[in-house]
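Build out the structure end to end from the sequences listed, making use of the hints.
Mapped onto numbering that gives the first Met the number 0, the consecutive letters of the sequence shown carry residue numbers 0 to 192.
The hints are simulated quantities; they were obtained by calculation from the structure and are not laboratory data. Keep in mind that the hints are not guaranteed to be accurate.
Calculated lysine-lysine pairs in the PhoX-like style (CA-CA distance at most 25 Å, straight line) [to be verified]:
1) 63 with 31
2) 150 with 163
3) 122 with 98
4) 122 with 184
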Amino acid sequence: MALVRIALAGEGGQGVQSVAEILAEAAYDEGKQTIYIPNFGLEQRGGVSIAFIQASDERIGAPKFNKADVVIALSERAVSRTATYSDSNTLYVYDSGFKVDEEDYPREYKQIIGLPALETANKELHPRVFNIIIMGAVIGLTNMVSFESAKNALENKLGHKFEKNPELRDLNFRALEMGKQMAEKSLQEGGAK
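Below, the structure written as structure tokens:
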């Protein structure tokens, strides 16, 4: 696998850092080189939280990057905060459940994709698995890790909750699958602004 660089951003409390940590663990478990850098600031008080993830079969040269292969913005404010990480090679993904001003989109991108992740979570599953839908979308967009490795890493992270409530396991795994399928379909259709 070639180097994959992802910038994942959302409001504090949306689970951005949890998703990044689980993806990094899944990549590590597959024997890949991986780096996860959380960007903590005022997100606990309602600011934008950004997670930077890299994974590769080969050694990763630098812990930080200026441009991402994939940017995922999960809120209106996250769109404006992440536009600088996009260039002509970037898949720029946002949650289509909120309106984005044209001026907030990045100036350069390979493709812009709107995914109805929050709407899907609210209507078909549960609002709490919104971030797991996004995790599935990352897999569908990048093939950064296998679906099975993601499920195993999710089990490692949330297994104690799954033991208390086994229905949560099925809910999270369904969310992961839905996110993956949603992203793959959007890529095939060419995305949309």
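**Q.** 25 Å limit on alpha-carbon distance, applied to hinted pair residue 122 and residue 98
**A.** holds (19 Å)
Q) Are residue 63 and residue 31 close enough, with their CA atoms no more than 25 Å apart? A) It holds: about 17 Å lies between the C-alpha atoms, which stays within 25 Å.
Q | Restraint check for residue 122 with residue 184, where alpha carbons must lie at most 25 Å apart | A | holds (19 Å)
Q.
Need the status of pair residue 150, residue 163: alpha-carbon distance at most 25 Å?
A. holds (18 Å)
Hint check: no violations occur; every hint is consistent with the structure.
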